[in-house]
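Engineer: Sequence:
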Amino acid sequence: MRRFSLLFVGLFAILAWAFASVTLAQLNPFDTGGAERPLLDASPTGGLDASTYIGGARAVAAPVPAARPGPSNFVDGWAGGAGPPGAGAAPSEAPTQWVAAPAPGTGPTPTPTPVMVMVIGGQRVRCAVCGTLLEDVRRAQVPEIVAKTQFYDDGTHGDIEAGDGEYTNITERSDEFLGSECNALKERLLSLLRYCEEADSLQFFRLYATTTEPISQITKSRYEEQERDAKLKEWNERFLRMFRKNPDDPTSGFYPLYVPIPPETPGAPMPPGFNPILAEQLRLEEERQQQQAATDRFSGARGGGVTGAAAGGGGGGATSSYFR
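Add 8 to a position in the sequence shown, counting from 1, and you land on the number used in the numbering used here.
Simulated from the structure, these hints should not be mistaken for lab results. Be careful, since some hints might not be right.
[To be verified] Ranges between beta-carbon positions, derived for each pair:
id	residue 1	residue 2	range
1	L210	W243	30 to 36 Å
2	K228	T259	39 to 45 Å
3	L286	A238	50 to 56 Å
4	K228	R132	20 to 26 Å
5	D183	K228	44 to 50 Å
6	T140	I226	48 to 54 Å
7	E242	E293	22 to 28 Å
[To be verified] Keeping only pairs whose Cα atoms sit at most 30 Å apart, straight-line, the calculated DSS-like set for lysine-lysine is:
id	residue 1	residue 2
8	K228	K239
9	K253	K241
10	K228	K241
11	K194	K156
12	K194	K228
13	K156	K239
14	K253	K239
Backbone N, C-alpha and C define an ideal beta-carbon position, used for all residues, glycine too.
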C-alpha cells in the first residue's frame, strides 16, 4: 500500500511538472522553444529574421517610458525647473537640450565694438611718358578683421615693411596711360605732321618752283615729295615713339588718355535750382571754347612760320635750312 502511494505521488509530480511547463510556454509568446531554427535552416532564402520580429514584438509589448517634458520656461536656473538629465538616462531616449537660464535682471551680451585700423588702398597711376602721378592711393579706417583679410602687411602689394602693423593693398600702374599734358603734346605733334603731309613741296621746302618734266633743270616735284615723305617718316619714328605702346613699332597704337574714376555721388541733396545736366553742358561748352581758342592761336603761329616763309613773305618762323 505504501509503495502504491509513493508511485502515485511520483506520477502526480511528473504530471504537475509537464503541465507547468506547457502553461509557462503558452504564457511567454516569445519563447519558441527552438522550433523556428529548423524552419530557418530549411528555407532557401534563410527565412524570416526571427530576432527582428521577436525584438519588434517585444518593443511593442514593453511599457512605453514616460516622455521627458521639454523646456517651457526659464526658472530656477534650468529650463522647466527640473534641471539637466542625469548620467543614468536610458540610451534609447531622445536627448533633450537643456539651456541654462540667465540670471535675473541680465540681458543678452552686447556685440563688442570692432577695432578700427588705418589701411592704405587703391591704385597709384603714373603717366607712361613723363611719370607724372595721375592718381594716388587713399587712407581709410576699416575694421581690423577686414584689414587682415583684404589688405597685406607682408612687404607686398605696396607694403613698405612687413609686420609694421600698416596694412596696404596698392596696385601700381605706370605703363598704361597718358597724362593730360603728354596727351596734349602728342596731339600737337600729330597736327604738325598732318599739316606737313598735306603741304606740297613748294610749301614744305619753301621752293619757288617745281616741275614734273624729266629733262628740265628745275627741281623735280617727285623727288621733293619723296624727300618730304622720308622726313615725315623720320619725325614720326623720332617724336611719336615715346607715346606708343611699342616704341619700336611705328604702327603701334598710342597710350590712351587716363580718365580717373569719378567720385561717388554725395549723399546730401542737391542745392535748390541746381540742374546737373545743364551744368555739364555748360562745362563742355567752356572746354570747347578753350580748345578753339588754343587752335586759333596755334594756327596763327603756324601761318607766320612755315606757310609764310614758303609763300615768300619772309615771316619770322622756321627756315628751309631747318627742315633740311
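Engineer: What are the numbers of the hints the structure violates, in ascending order?
Structural biologist: Hints 1, 2, 4, 7, 11, 12 and 13 are the ones this structure does not satisfy, whereas the remaining hints hold.
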